[in-house]
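Residue numbers (the working numbering), protein chains in the order written: chain A, 40 to 378; chain B, -15 to 257.
Just so you know, the hints here were simulated from the structure itself, not pulled from any lab data.
Since the model is a prediction, treat every value here as computed from it, not as a measurement.
Check before you lean on any hint, since a few could be wrong.
Some, not all, of what chain B presents toward chain A, calculated at C-beta under 8 Å [stated by the list, open to error]:
1. H64
2. P93
3. E96
4. G100
5. S101
6. V108
7. G109
Here chain B is said to cover these stretches of chain A; the calculated rule only asks that three of the stretch's residues, wherever they fall, bring their Cβ under 8 Å from a Cβ of chain B [to be verified]:
8. 144 to 157
9. 297 to 307
All residues carry an ideal CB built from backbone N, CA and C; glycine is no exception.
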Amino acid sequence: MIQTVAIAQTPGEARRLGARAGLPPATKPLRDVFGEALLEVATHNPRVVVLDGDLGNSTKAETVRHAFPERFFNIGIAESNLVGVAAGLAACGFIPWITSFSSFLLCNAYDQLRLAVAMSNINAKILGSHGGITLGKDGPTQMGIEDFALVGGLPTVVMLVPCDAAAMKAAVRAATDYVGPVWLRSSRVALPPVYPADGCPFTIGKANCLRQGDDVTLIACGIMVAAALDAAAVLADEGIEARVLDLHTLRPLDVEAIVAAAVETGAIVTAEEHLLTGGMGSNVARIVAQHRPVPMRFVGLADTYTESAEPDELLRKYHLTADDIVTAARAAVRAKGKR
Amino acid sequence: MDINRLYAMARQLRLDVLEMTTLARSGHPSSCFSATEIVTALYFGGLLRYRPHDPRWPGRDRFIMSKGHAAPLLYAALAHAGYFDRSLLWTLRQIDSPLQGHPIQALLPGVEATTGSLGQGLSVGLGHVLGGRLNGLDYRVFVLLGDGECQAGQVWEAAMAAAHFRADRLIAIVDYNKFQETGPIAREMALEPLAAKWESFGWSVLEMDGHDMAAVMATLTESARPPRPGRPTVVIAHTVKGKGVSFVEADYTFHGRALTPEQAARAREELMR
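Bound conformation, chain A alone:
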């Protein structure tokens, strides 16, 4: 069953994430799209190998197991070893895709990611699946709500957070083509198409501007991009024109786009399915504070773990909805007036 994500307290069709922005309904879980994209790069590039922590059926890395069994290694429930083996394969000229849940990889194998991947600057790709809270009912032990912060501590690693199917496909291609370590967040849920199929312009380190506006900029990544577009539609009805940036690369940050947002719109709201501490917003704020301080507001998880529930219930309870972005944007715009 496809798990779709709803927003806000409004009833019916308007509750659906992306509806207010006019986005079509989601059709396929992001992890399924990852599996297809991984198979595509493995088909085109015989140097691609896939390492699995016994979750290939959940991450969807198993597509490669079926097609190219000799290039697929289930290392078992042993993430530390998994990352080390991948480093050896990378040293032999292969492009290893290290795949598991974000939380298990980062928390069981951070030492190995630090030495064998980041410090060695090897050409490995890391799929952190089930990022954020929208994996839902499996609960907080499985949720990766600290991945931006932890990968942030690995200074050579590029960090990608696609917001829909087209972006996921483009991100998997870009990560595979890039020479060096890359982290890619994937999600269990289906996200509404922000971009046309195969129509996502994706340059690592270059944010995509999805909507023009001069009153405030909404900077979002992952699932919060669609929520930001919904929020922009609501704000437009109130006469606030919001710029929306899809910040699909969290490292390297698109400093130019962030500074332009501060200079040209004078207020910024960030939105992420991640802890606020050490998250995307705090890194954006560092750029803004240095180059052009303007009022900012932050949508993300306060210092808390969440719980087992439906994804849309969690997004509402923990304040990761379009309505939360709208509230934050109003406050940022008001603060701008007081300067």
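We have chain A already, so just place chain B on it with the hints.
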């Protein structure tokens, strides 16, 4: 094989390690001394195939210094093997030097893995074996582990996986010098029965006196054959921490500290005997 020539090289490596760590006023000379005959046999006894002027030659045998604190020994061996000029050794741990306190992969030619957080090298070695298999290459991968390092869970994750993947070109060597940072292994966190542990993980187990060069050559040669096709091999090397310098052998607290210039002079004298 001229055993005396190998002993002479082992002595030279110990002298270089002593010089490097004394100059750097830091490092782990005693951990290098327990493994010196092993590393000498590998690089200078014809056990490793390598091309110092083509350090990334795909067909090379790999040596991974998983006990990364023995970096000075690795660096000295690489210098004498021709990977870089020996004068670089005296820059160990100095600013702008590629000779980091613990090895960083590819920062220096011949360094195959970043190590220093113990427990990681065997996994990387297994990755090299699997990569060699995919590339149709028949090289071998030797990984030198500390004995205390065998307390790390990742070592046993790798041991399980290597047996599962029938990685019989993977050879682990345990430098069993019986001491870890804070004291005797048997007192701090016992490893015994160590051979039985490896055996139960599906490995062939060989044991040797890690300072008897003829035994080291014979046992490592046997390990590379391998003794049982389809199984990885571990060589448990019984060694002495600080081997070659009497007052270092007698005091495990030399782990993690260099000798003073005065101590170094005495040590040099003993090593030259």
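Structure-based check of each hint:
no., hint, result
1, H64, "violated (23 Å)"
2, P93, "violated (13 Å)"
3, E96, "holds (7 Å)"
4, G100, "holds (7 Å)"
5, S101, "holds (5 Å)"
6, V108, "holds (4 Å)"
7, G109, "holds (6 Å)"
8, 144 to 157, "holds (count 5)"
9, 297 to 307, "violated (count 0)"
Hints 1, 2, 9 from the list above are not met by this structure, while the remaining hints are.
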